[in-house]
Every structure is written in C-alpha cells, then in structure tokens.
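A.B. asks: Sequence:
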Amino acid sequence: MSRLGMADLGVCTMNDMRDNAAMIAAISPSTPLIADADTGYGGSLMVNRTVTSYIRAGVAGLHLEDQVLTKRCGHLKGKQVVDPGEYTSRIRAAVLAREQSGGDIVIIARTDALQGLGYDEAISRLKMAVKAGADAAFLEGVGSREEAENFVRDLKPTPCLFNNVPGGVSPDFTAREVKEIGYKVAIYPALAMEVVYPAVRIAVRQLFDDGSVASVEKDGKRWSPRELFEVCGLTESMEFDRKAGGQAYLEDA
232 MSRLGMADLG VCTMNDMRDN AAMIAAISPS TPLIADADTG YGGSLMVNRT
282 VTSYIRAGVA GLHLEDQVLT KRCGHLKGKQ VVDPGEYTSR IRAAVLAREQ
332 SGGDIVIIAR TDALQGLGYD EAISRLKMAV KAGADAAFLE GVGSREEAEN
382 FVRDLKPTPC LFNNVPGGVS PDFTAREVKE IGYKVAIYPA LAMEVVYPAV
432 RIAVRQLFDD GSVASVEKDG KRWSPRELFE VCGLTESMEF DRKAGGQAYL
482 EDA
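Numbered according to our numbering, the sequence shown spans residues 232 to 484.
Be a bit skeptical, because a hint or two may be false.
As the list claims (entries may be wrong) - Label pairs and their calculated CB-CB ranges:
1) Arg234 with Lys452: 23 to 33 Å
2) Gly333 with Val426: 31 to 41 Å
3) Glu408 with Phe460: 32 to 42 Å
4) Asp335 with Val400: 27 to 37 Å
5) Thr466 with Gly398: 31 to 41 Å
6) Ala445 with Glu377: 41 to 51 Å
7) Glu408 with Asn246: 30 to 40 Å
8) Lys415 with Glu377: 14 to 24 Å
9) Gly398 with Ala445: 19 to 29 Å
10) Ala430 with Phe460: 10 to 20 Å
Claimed, not checked - Derived DSSO-like pairs: lysine-lysine, alpha-carbon spacing no greater than 30 Å straight-line:
11) Lys410 with Lys308
12) Lys415 with Lys387
13) Lys362 with Lys415
14) Lys358 with Lys387
Simulated from the structure, these hints should not be mistaken for laboratory data. Remember, it's a predicted structure, so these values are computed and weren't measured experimentally. All C-beta atoms in this analysis are idealised placements derived from N, C-alpha and C, irrespective of residue type, glycine included.
Produce the complete structure using the sequences and hints provided.
C.D. replies: This is how it looks when you write it as structure tokens:
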C-alpha cells in the first residue's frame, strides 16, 4: 500500500519489496529488520536470489510462506497454498542461499494453510519447514488464544511469531498476552498505515471542502518542515557535514 498504492494481492515484485526493505534497514542498521518475502517470488532459484538480495540489503530476518504465486494478504479469504513438497523446497532453498552467501539472516517459515486446510495440516507444514532448516514458525490467521497456545506448544522448542493485524482474523493480543502465550516475537505490519490513514483522510477532505487544512491534533498545532525533517535526522546530518569540513550548513537550516 505505502509503496505502490495497491492492495496486497501479490502485485509487488521481489525488487519492490527488497528496495523498500533496504531503505528501511539503512535508516538504522543496528536495529534488526524483519521483512516479508512473500512466496519467494518463484522456484528454488528465485528463492535463492530473493534471500541473497535481502541479506545484501541488510535485512535481519524474513518470512517465507506457502501460498501460490498469485498470493493475497493473509487476512483475506480465498487463499490458496502449494503442496507441502513445494513449500518445503522453498524453505530448503532459503537455507542453502543463506549458507552460500555467508549471511546469518533469520528464516521464518510461514503457513497460510490454516484457513483452508485446517490446524493439523498447518502445523504439519511448519514442522516440515523447521526440519528443512527454518529458524522460527509463523502460523498466519490464528483465530483464538486457545489456538495460539496450542500452536506455541506444538512447535516447541521452535520460536514462534505472532502477526498482529487489527481488524484481521486474529485477536488483537497485547504485548503482555503475546508473552504469556509463549510467542518469542510479534510483528505489527499495518500499525503506521492504520494510524496515519484517518489523519490523511481528514486533512484531504478539509482541503477539498474548505480550501484549508486545520490540525487534527487537539492543540491545533501543525508541523513545520523543520520539525518534520528533525524526525529524519536533520540535526545529525548537518552536524556530520560540519565535522567533515563542509560549508553548506555552517548556519542553522
């Protein structure tokens, strides 16, 4: 959505996803980044290219799923998955790519089989993926706390990941609940879009109807370019230039 302005229906290419991940990873290289690798974008050779590209982009971990290439968001209906053998081949290809590249990226095996094929089949797929070398397990579309607890128990000692998508098919577990259940990591992939979308919608509607924009904050404050740039490292960038002997930012911007 943020990169292409399109719904999550498998239209993003590997290059789209890698470039976006590389941009995010470069902002703070010391902060580990988990990135979505979808289906790996093809057969074993393409999975090899995907994993290697993600490693070179500075990604710390990726999740690889078992949907067909024309995939869709894990919280939409009608998902289709490949057979277990093909899925396991994807995971094995990812592990081999990591070994060949000399990287240490964390490989998270994700299955979307729960919705269409049931819990037992989904767990079986994840166990096969772990046997093939995956480091962590991701059961997409968990429907209840009981199901989440069963998942974590059945995959022990493999670390398990919870995907928090408000309004999706899974419960909106708090961070404390995630820990109590036994998950080792939780991701919040729609958080920024979820909170920004209403504010942008209000501002655009104000501009269209009134010809001006009022702040959506209670104190009526609007943010200057300077204040926005500070979020992206304005002060640090100018200081770096001065230390290097540059002349562009001797006076404060």
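A.B. asks: Determine for every hint whether it applies to the structure shown.
C.D. replies: Status of each hint after checking the structure:
1. Roughly 29 Å separates the CB atoms of Arg234 and Lys452, a value that falls within the hinted 23 to 33 Å.
2. Distance hint for Gly333 and Val426: a CB-CB separation of about 39 Å, consistent with the stated range 31 to 41 Å.
3. Distance hint check: the CB atoms of Glu408 and Phe460 are about 37 Å apart, consistent with the given range 32 to 42 Å.
4. Asp335 and Val400 have their C-beta atoms about 33 Å apart, which keeps the hinted 27 to 37 Å range intact.
5. A C-beta distance of roughly 37 Å is found between Thr466 and Gly398, which places it inside the suggested range of 31 to 41 Å.
6. Our hint of 41 to 51 Å for Ala445 and Glu377 holds, since their Cβ atoms are close to 46 Å apart.
7. For the pair Glu408 and Asn246, the supplied restraint of 30 to 40 Å holds, since their beta-carbon distance comes to about 37 Å.
8. Our hint of 14 to 24 Å for Lys415 and Glu377 holds, since their Cβ atoms are close to 19 Å apart.
9. For the pair Gly398 and Ala445, the supplied restraint of 19 to 29 Å holds, since their beta-carbon distance comes to about 27 Å.
10. For Ala430 and Phe460, the Cβ-Cβ distance of about 19 Å falls inside the hinted range of 10 to 20 Å, so the restraint holds.
11. Annotation: proposed proximity of Lys410 to Lys308 holds, straight-line Cα distance about 28 Å (limit 30 Å).
12. Restraint check for Lys415 and Lys387: the C-alpha separation of about 11 Å stays at or below 30 Å, so the hint holds.
13. As the CA atoms of Lys362 and Lys415 are separated by approximately 19 Å, the hinted pair is consistent with the 30 Å bound.
14. Restraint check for Lys358 and Lys387: the C-alpha separation of about 10 Å stays at or below 30 Å, so the hint holds.
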